[in-house]
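Colleague: From first to last, the protein sequence lines are chains A and B.
Going by my numbering, the first sequence opens with residue 1, and the numbers climb by one from there.
Going by my numbering, the second sequence opens with residue 561, and the numbers climb by one from there.
Quick caveat, the hints were computed from the structure, so don't treat them as lab data.
Honestly, I wouldn't trust all of these hints.
[To be verified] Straight-line Cα separation of at most 27 Å, DSSO-like style, residue types lysine-lysine; simulated pairs: (1) K763/B to K604/B; (2) K687/B to K604/B; (3) K429/A to K604/B; (4) K687/B to K500/A; (5) K651/B to K687/B.
[As the list claims (entries may be wrong)] Coverage of chain A stretches by chain B, computed from C-beta distances (three or more under 8 Å per stretch; other residues unrestricted): (6) 68-79; (7) 338-352; (8) 380-390.
The beta carbon of each residue, even a glycine, is placed where N, CA and C say it ideally should be.
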Amino acid sequence: MTDIPLVPETTRPLPTLGSSEGLISWVASVDHKQIGIMYLISSFLFFVVGGFEALLMRTQLAQPNATFLSPEAYNQIFTMHGTTMIFLVVVPMLIGFTTYLVPLMIGARDMAFPRLNALSFWALVFGGLMLYYSFIGGGAPNAGWFSYAPLSERPYASTNGLDYWALGLLVVGVGTVAAGINTITTIWKLRAPGVTIRRLPLFVWMSLVNSFLIIGALPALNASLVMLLADRMLNAHFFAPAESGSAVLWQHFFWAFGHPEVYIMVLPAFGIISEVIPVFSRKPIFGYAFVAGSTVGIAFLSFAVWAHHMFAVGLGRPWDLIFGASSMLIAVPTGVKIFNWIATMWGGAIRFTTSMLFAASFLITFTIGGISGVTFAVVPVDWQVTDSYYVVAHMHYVLFGGTMFAVFAGAYYWFPKMTGRLLSETLGKWHFSLTFIGFNLTFFVQHFLGLMGMPRRVATYPDLPNWGLLNLTSTAGAFMLGVASLVFFWNVTASWRNGKEAGDNPWQAWTLEWATTSPPPIYNFDQVPPVKSRRPLWDLAHPENPDSRPRKPKVEQTDQ
Amino acid sequence: MFNPDSPQGLAISNLFVLTLLIAAGIFLLVAGLVVYASICYRRKPGQGEPYQNFGIPKLEVGWTVAPAVLLLGLFGVTFVGMGNADPAVEKDRAPDIIVTGYQWWWGVSYPQAGVISANEIHMPAGKRMLVRLIGGDVIHDLWIPRLGRKMDMVPGHPNEMYMQADTPGVYIGACAEYCGVQHSKMLIRAVVQTPTEYDAWLKTHSAPAPAHPDAAFALRGQQLFQQKTCISCHAINGTAANAQIGPNLTHVASRQTLAAGVLQNTPENMAAWIKNPQQIKPGSYMPNLRLTDDEIKALVAYMETLK
Chain A
1 MTDIPLVPET
11 TRPLPTLGSS
21 EGLISWVASV
31 DHKQIGIMYL
41 ISSFLFFVVG
51 GFEALLMRTQ
61 LAQPNATFLS
71 PEAYNQIFTM
81 HGTTMIFLVV
91 VPMLIGFTTY
101 LVPLMIGARD
111 MAFPRLNALS
121 FWALVFGGLM
131 LYYSFIGGGA
141 PNAGWFSYAP
151 LSERPYASTN
161 GLDYWALGLL
171 VVGVGTVAAG
181 INTITTIWKL
191 RAPGVTIRRL
201 PLFVWMSLVN
211 SFLIIGALPA
221 LNASLVMLLA
231 DRMLNAHFFA
241 PAESGSAVLW
251 QHFFWAFGHP
261 EVYIMVLPAF
271 GIISEVIPVF
281 SRKPIFGYAF
291 VAGSTVGIAF
301 LSFAVWAHHM
311 FAVGLGRPWD
321 LIFGASSMLI
331 AVPTGVKIFN
341 WIATMWGGAI
351 RFTTSMLFAA
361 SFLITFTIGG
371 ISGVTFAVVP
381 VDWQVTDSYY
391 VVAHMHYVLF
401 GGTMFAVFAG
411 AYYWFPKMTG
421 RLLSETLGKW
431 HFSLTFIGFN
441 LTFFVQHFLG
451 LMGMPRRVAT
461 YPDLPNWGLL
471 NLTSTAGAFM
481 LGVASLVFFW
491 NVTASWRNGK
501 EAGDNPWQAW
511 TLEWATTSPP
521 PIYNFDQVPP
531 VKSRRPLWDL
541 AHPENPDSRP
551 RKPKVEQTDQ
Chain B
561 MFNPDSPQGL
571 AISNLFVLTL
581 LIAAGIFLLV
591 AGLVVYASIC
601 YRRKPGQGEP
611 YQNFGIPKLE
621 VGWTVAPAVL
631 LLGLFGVTFV
641 GMGNADPAVE
651 KDRAPDIIVT
661 GYQWWWGVSY
671 PQAGVISANE
681 IHMPAGKRML
691 VRLIGGDVIH
701 DLWIPRLGRK
711 MDMVPGHPNE
721 MYMQADTPGV
731 YIGACAEYCG
741 VQHSKMLIRA
751 VVQTPTEYDA
761 WLKTHSAPAP
771 AHPDAAFALR
781 GQQLFQQKTC
791 ISCHAINGTA
801 ANAQIGPNLT
811 HVASRQTLAA
821 GVLQNTPENM
831 AAWIKNPQQI
841 KPGSYMPNLR
851 LTDDEIKALV
861 AYMETLK
């Protein structure tokens with residue numbers, strides 16, 4: 001125990017969970033597990049809000065020329081839906097998993113900076129509340145989640161909605177950067193003896209790469225938000241073409257953040273999949289080095305593809321070509337992962353728990369999103385389908401069919417660790433089936449709508465052949481997703497109270513977080529088991545065939 | 561998009577079909593493998609731990625290189641496709657048509673013929689027209705799916721592209737870049753005519769409106785147009801009205817729609833639109849002027865003379 005790097009002692013004792021009871025602990029805690037759970041809960045609550053907004057939108061779009069919502073209300077709601085889901089749901093949900101799991105997976109006591117960790121979380125909560133305060137503060141923002149200038153400038157958005165948007169996201173953004181720094185430092189400095197960089201669980205690898213993406217990309221957003229606020233409040237004109245500013249500049253700044261952001265929203269999900277699939281296939285990850293290495297490749301490339309969001313802007317042929325090429329290239333490392341995950345399942349002894357069901361269908365739904373992503377890199381196709389419902393379908397296949405499926409897989413997988421109780425598998429299978437069917441029903445038809453010429457972000461649409469029918473199908477699917485989320489909510493609340501006792505390691509998993517009790521004690525580990533390979537608990541369970549045994553040179557080197 | 565009516569649109573359509581075929585192949589491969597593995601490698605009762613395979617580097621290099629080669633091919637096709645889908649614009653060529661996006665309507669002008677119209681683009685069939693796209697306030701985007709690519713109309717960053725339609729007819733399009741409250745009701749149409757019809761159309765539309773309409777009732781409408789605030793936003797060439805804020809109304813009666821594709825252009829709809837634009841298109845910049853029904857009738861009578 002003494003040789004484990006510990007959090008530096010502070011002069012005053014850190015406020016902690018104490019007896020793990022009491023309201024004050026939820027405010028004052030700096031324990032990474034409690035903060036991680038709070039991240040997950042608050043982002044789930046925002047998910048409910050964002051989902052409700054989605055249902056309002058789908059209700060309005062269920063039939064042509066509907067008047068359920070006014071255009072102004074619709075525009076506010078789709079802006080808030082996008083902003084909420086991206087900044088207050090997907091990113092913090094993944095950070096929640098990171099915050100909870102990374103210290104446990106590397107055998108550490110806590111994050112490197114526990115107080116900073118709490119700051120990151122509360123910045124999320126208060127940034128989110130500031131954003132939502134706009135509804136009673138004169139009108140919600142209404143310029144879309146990427147708030148293109150000059151529509152986001154004062155002359156065209158005269159309520160304070162955009163100010164709340166920019167300020168709220170700035171607060172959230174600063175917290176996110178802090179979380180990135182915290183994660184990198186934790187992984188760099190607090191690994192238990194034997195946990196070398198090449199033995200890190202892949203979830204930790206992806207969190208590490210993700211954190212570098214965060215500190216590389218988020219400042220671009222934070223800076224442009226400050227510039228937008230200067231435009232709106234101090235009469236600057238960075239992005240106002242009427243005063244010699246540039247509308248295109250905002251798009252460059254925003255997407256320089258916005259495309260890495262896509263990977264910030266998906267890399268930790270890859271990490272979850274890379275943990276879940278091996279454990280339920282009873283095999284180690286196929287090609288650890290390729291999975292980890294391709295992640296680094298994605299991270300670098302993600303900074304060089306932003307202008308593929310701007311092919312319709314008219315940047316000129318050379319730029320379109322360069323960014324088309326780099327965007328195609330990024331499909332390669334992503335494809336590698338898909339094949340490695342399939343190869344991990346190949347020859348395994350697969351147990352289809354709810355977690356594994358979500359992980360396996362992730363492979364299919366995410367592939368659809370990935371492939372439709374490649375069609376945008378075929379620049380002329382992008383000229384047709386960009387800003388249409390095809391894009392809406394694509395990004396939901398990535399963010400829902402990809403990230404959210406992985407998040408659900410992770411939730412079923414780690415819930416027992418966090419609470420000591422298993423989620424109900426019966427409810428889980430209902431949740432999975434409804435989600436899978438509802439999701440595909442909602443979003444697959446949107447590909448067709450886009451190809452038929454329906455622009456995105458329209459409050460209503462004319463009664464053209466089949467448009468009404470396809471939209472109605474999509475709306476029906478959305479309500480099915482709503483029911484699925486209720487099932488999940490019910491499962492979580494009921495199982496948290498009365499679920500089956502999980503024990504320390506219900507899945508016979510191999511990484512360090514399963515070496516402690518469920519839920520772990522405040523100090524995480526009585527004793528970190530010896531780590532001689534990537535799967536310390538496999539080595540303990542299979543002394544006859546440990547990973548740490550030297551392998552034949554032809555087989556990949558697992559350990560050094 | 562699958563039913564293109566221009567060489568540019570056809571190029572994109574073909575490229576998309578090719579991409580779709582490749583995509584379908586990859587998807588079937590991946591989905592097939594996942595389903596096969598899910599069925600064949602389920603845990604059997606009493607089964608122990610399977611063989612622990614840590615990876616086969618050669619295989620992994622294979623599935624890194626194979627997609628890369630495939631994508632290289634796709635990039636080649638993309639490169640060629642770009643030239644066909646959006647031919648390079650010759651230097652110093654003056655635009656045939658200028659389309660300007662405003663919140664939430666389209667200004668359409670023909671600089672060589674001196675025609676100014678709105679919300680519909682007239683084109684001769686089979687002729688490649690150079691269109692200049694201008695953002696009048698915020699960013700808009702001209703998208704007529706059957707005629708090919710869409711392109712943004714960015715204030716301070718004019719764009720140009722070729723547009724062509726091969727068969728006479730009407731092609732519906734819309735603004736594809738979110739532009740504010742009435743983005744969904746900013747429709748446009750390309751009206752494609754035979755070259756003779758098009759020349760005739762240009763000729764009629766380059767003529768100014770008569771200084772005063774003949775019928776007395778319409779004349780009262782013109783007076784109202786000038787006394788009420790209509791004249792502070794709209795222009796009617798040949799009369800005192802010359803404001804540039806709203807659509808030019810010189811030949812409004814010959815257009816197919818009102819309010820950027822929202823209503824069929826009939827006298828009844830025109831009356832309804834003038835009576836309360838905010839009910840038909842809430843948030844649009846045309847105010848409810850609280851005119852009496854008689855005043856509206858006179859105004860409509862005047863508008864109907866503007867063929």
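Colleague: Taking beta carbons only, do three or more residues of the region 338-352 of chain A come closer than 8 Å to chain B?
Modeller: Per the Cβ count (13), the hint holds.
Colleague: With the threshold set at 27 Å, check whether the alpha-carbon distance from K429/A to K604/B stays at or below it.
Modeller: holds (20 Å)
Colleague: State whether the coverage of the region 380-390 of chain A by chain B holds or is violated, taking the criterion as 3 or more residues with Cβ-Cβ distances under 8 Å.
Modeller: holds (count 8)
Colleague: Does K604/B sit within 27 Å of K687/B, going by the straight-line distance between their CA atoms?
Modeller: violated (68 Å)
Colleague: Please verify the coverage claim for the region 68-79 of chain A: does it have three or more residues whose C-beta sits within 8 Å of some C-beta in chain B?
Modeller: Check passed, 4 qualifying residues.
Colleague: What's the verdict on K763/B and K604/B, does the C-alpha distance respect the 27 Å limit or exceed it?
Modeller: With a Cα-Cα distance of about 81 Å, the restraint between K763/B and K604/B is violated, given a limit of 27 Å.
Colleague: For K687/B and K500/A, compute the direct alpha-carbon distance and say whether it is at most 27 Å.
Modeller: Given pair K687/B, K500/A is violated - Cα atoms ~73 Å apart, limit 27 Å.
Colleague: Between the alpha carbons of K651/B and K687/B, is the straight-line distance 27 Å or under?
Modeller: The given pair, whose Cα atoms are some 19 Å apart, holds under the 27 Å limit.
Violated hints, listed in ascending order, are 1, 2, 4; each of the other numbered hints is respected by the structure.
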